[in-house]
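Trainee: Chain by chain, the residues run as shown.
Number of protein chains: 4
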Amino acid sequence: MQFVKLDFEYSDDVTVINKEQFDVHMRLYEGYINKMNEIDALLKANTGVKEANATYSEFRGIKRGETYALNGVILHELYFENIGSTNNTPNPQISQILSRDYGSFDNWKAHFVATALASRGWAILCYDPRSDTFRNDSLDTHDDGYMAMSIPLLVLDMYEHAYFLQYADNKAEYISRFMDNIDWQVVGDRMELLQ
Amino acid sequence: MQFVKLDFEYSDDVTVINKEQFDVHMRLYEGYINKMNEIDALLKANTGVKEANATYSEFRGIKRGETYALNGVILHELYFENIGSTNNTPNPQISQILSRDYGSFDNWKAHFVATALASRGWAILCYDPRSDTFRNDSLDTHDDGYMAMSIPLLVLDMYEHAYFLQYADNKAEYISRFMDNIDWQVVGDRMELLQ
Amino acid sequence: MQFVKLDFEYSDDVTVINKEQFDVHMRLYEGYINKMNEIDALLKANTGVKEANATYSEFRGIKRGETYALNGVILHELYFENIGSTNNTPNPQISQILSRDYGSFDNWKAHFVATALASRGWAILCYDPRSDTFRNDSLDTHDDGYMAMSIPLLVLDMYEHAYFLQYADNKAEYISRFMDNIDWQVVGDRMELLQ
Amino acid sequence: MQFVKLDFEYSDDVTVINKEQFDVHMRLYEGYINKMNEIDALLKANTGVKEANATYSEFRGIKRGETYALNGVILHELYFENIGSTNNTPNPQISQILSRDYGSFDNWKAHFVATALASRGWAILCYDPRSDTFRNDSLDTHDDGYMAMSIPLLVLDMYEHAYFLQYADNKAEYISRFMDNIDWQVVGDRMELLQ
Chain A
265 MQFVKLDFEY SDDVTVINKE QFDVHMRLYE GYINKMNEID ALLKANTGVK EANATYSEFR
325 GIKRGETYAL NGVILHELYF ENIGSTNNTP NPQISQILSR DYGSFDNWKA HFVATALASR
385 GWAILCYDPR SDTFRNDSLD THDDGYMAMS IPLLVLDMYE HAYFLQYADN KAEYISRFMD
445 NIDWQVVGDR MELLQ
Chain B
265 MQFVKLDFEY SDDVTVINKE QFDVHMRLYE GYINKMNEID ALLKANTGVK EANATYSEFR
325 GIKRGETYAL NGVILHELYF ENIGSTNNTP NPQISQILSR DYGSFDNWKA HFVATALASR
385 GWAILCYDPR SDTFRNDSLD THDDGYMAMS IPLLVLDMYE HAYFLQYADN KAEYISRFMD
445 NIDWQVVGDR MELLQ
Chain C
265 MQFVKLDFEY SDDVTVINKE QFDVHMRLYE GYINKMNEID ALLKANTGVK EANATYSEFR
325 GIKRGETYAL NGVILHELYF ENIGSTNNTP NPQISQILSR DYGSFDNWKA HFVATALASR
385 GWAILCYDPR SDTFRNDSLD THDDGYMAMS IPLLVLDMYE HAYFLQYADN KAEYISRFMD
445 NIDWQVVGDR MELLQ
Chain D
265 MQFVKLDFEY SDDVTVINKE QFDVHMRLYE GYINKMNEID ALLKANTGVK EANATYSEFR
325 GIKRGETYAL NGVILHELYF ENIGSTNNTP NPQISQILSR DYGSFDNWKA HFVATALASR
385 GWAILCYDPR SDTFRNDSLD THDDGYMAMS IPLLVLDMYE HAYFLQYADN KAEYISRFMD
445 NIDWQVVGDR MELLQ
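Residue numbers (my numbering), protein chains in the order written: chain A, 265 to 459; chain B, 265 to 459; chain C, 265 to 459; chain D, 265 to 459.
Extracted from the complex, chain A is given alone in its bound form:
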């Protein structure tokens, strides 16, 4: 099975990033797609399987690349999918669910923004089945910090490549404009799948 790039079109509804920042981000995403195909071909050929070692081995290098590139593919797709709506209102059900775990929707929002500010990779609102709660997951890289078995609902890229071309070091502004450009319909659809 080959990885194929999904199509994401820039439109006027995307207010969190401009076309230039969007285009360069798309190229990086495509890079992860290509790397996954390279990695899967190496695995298919059983490269280095017999000399596997945890200090250094070619197989170890491939496996480290696999989780990094695969999560790079998946998280970017979720991110591009959940931005671009000018109707920035969560439906009542979402507000209610987040209020249950955070006291209020606004308090959840404060936690999510704080998670973004504290993270070097990604901030993800997810459902954690182990505790039956909604958590704001903090990742430092594509594959460092993902919560096991969690279902991602809202995904925010906090890598410097996601905002630096447009915002430089003003990450607070980037986050603020992301919060105003969430496609809550997409988030709601993902929540539907939980039930």
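Take the hints with a grain of salt, since some may be wrong.
No distinction is drawn between identical chains; accordingly, a pair holds when it is met within one copy or between any pair of copies.
[Unchecked claim] Derived DSS-like pairs: lysine-lysine, alpha-carbon spacing no greater than 25 Å straight-line:
1. K308 <-> K269
2. K435 <-> K283
3. K314 <-> K373
4. K373 <-> K269
5. K269 <-> K283
6. K373 <-> K435
7. K435 <-> K269
8. K308 <-> K373
9. K435 <-> K314
What the hints contain is simulated information worked out from the structure, not anything from laboratory work.
Given the coordinates of chain A, work out where chains B, C and D should sit on it, guided by the hints.
Mentor: Just chains B, C and D now, with coordinates in the frame of chain A:
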């Protein structure tokens, strides 16, 4: 919601580790349970939310601990659950599925063992919905290397604490005895949920 | 002892980055200075010393921040110090030394550029006293990958914040212009200290 | 230049670990020596230099292994060198220096023990030339957390492999017995080199 330790009983069917190694591992698992309750109380009290920062902040420390401890809880529970069967035969459906992606069950097994030898934390057979394939996930810590959205089916703890008391540095022997003590019924049950 | 920001002035001799990219990078460097003072004050007050724990503890969070911010300070200072010369010729002694370990100066250069392309944080030419050789150190973050006891001679920032504002994802171009803007006099001075 | 294993002999003066724990630890150290020779041969042959990439590439895997194995070699040598003295008294100069930065020798000791308890890899007392202070460095792996340009003076291995065979999960006891078995003469000799 409070985290509560699940009960795992040692029995003669557990051949991969002896009672002493099992008991110490149980105490470490319980430590993660307790840490999650400590962390959730801090989050509930909105500790450090207003001073979040990605270089250093109290909130950042809490969030890093959250993914580490939560995955520590979840992966240990999956691990203890999928060991301890003396009937070490995967059902035909599992063999067939893994043969599809790896050429043969034996080749999958070679890949899984190599993944364990190449990993500093965990080896996990999981289903990756993005590529509709079964992958052997390599983790270096509880929260470094988990594949986004993946469903874990078979979980092997490769932390030194999992085997060192009994096997010292003979990790190949530990892995070999794990492969002979997998509860394939549990793995099969987890696969059922995929359909 | 308080950390104080060193002065680095932008000049026409700095060709690897423009003034805008330089200024934003300076602000990030200043952020690490401030964080170190915050962290040192917490340590001075013995914050969390009694509840130290490796899964999660406030003390652990402080210590993780300490290595990250401190290396952020040190490596940025070395980087800003070793760029900005239009006389881009290593002195004969440097060429000779690198030729000893890499066959030729050009082959060392190929390795250094490859190290930069393979790294998510920093590329550093350093002296490794353990093997009495010059190594190209690859770091993924400020504090992930630094070689113990090594002496840094040439430091290149490969964080996305170092080039993205000016070069977007064209990191090869950034590296190429860095290689043409090295202050080899500074590198030579650092080598002098080795003898 | 080939890496050659240094000789460390077990004696009755080593009270922090028994002979069995010592021997297995020696084998792991030897593994890092061997891996460095393997890695240096790959680098000498310019393996993968032309296809270097930061997501995945063979060269990247080699460079990650290089810092991990090299630090594994260096830190283990420093550790084995600074244990095994029954005359557990720091000389007055060391006490005085640490008192300057920590208020008292006992407070430094509390910080060092806390650093060990908070670390997943190593605790190191080192001299930081940037701030002209003595810091307790916390590492999570061989190459994650080392302070740039620092000079290590006292090194404690907190990997589970360092104590688990003898102490199981009782790491507090291991640390306590380490503190009573430090060779302060060695630490003093390393401090001499600073002046």
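Trainee: All hints, please: hold or fail.
Mentor: The hints, checked one at a time:
{"no.": "1", "hint": "K308 <-> K269", "result": "within (21 Å within a copy, 37 Å between copies)"}
{"no.": "2", "hint": "K435 <-> K283", "result": "both (18 Å within a copy, 20 Å between copies)"}
{"no.": "3", "hint": "K314 <-> K373", "result": "between (49 Å within a copy, 12 Å between copies)"}
{"no.": "4", "hint": "K373 <-> K269", "result": "neither (31 Å within a copy, 31 Å between copies)"}
{"no.": "5", "hint": "K269 <-> K283", "result": "within (18 Å within a copy, 36 Å between copies)"}
{"no.": "6", "hint": "K373 <-> K435", "result": "within (16 Å within a copy, 35 Å between copies)"}
{"no.": "7", "hint": "K435 <-> K269", "result": "between (28 Å within a copy, 22 Å between copies)"}
{"no.": "8", "hint": "K308 <-> K373", "result": "between (44 Å within a copy, 14 Å between copies)"}
{"no.": "9", "hint": "K435 <-> K314", "result": "between (45 Å within a copy, 15 Å between copies)"}
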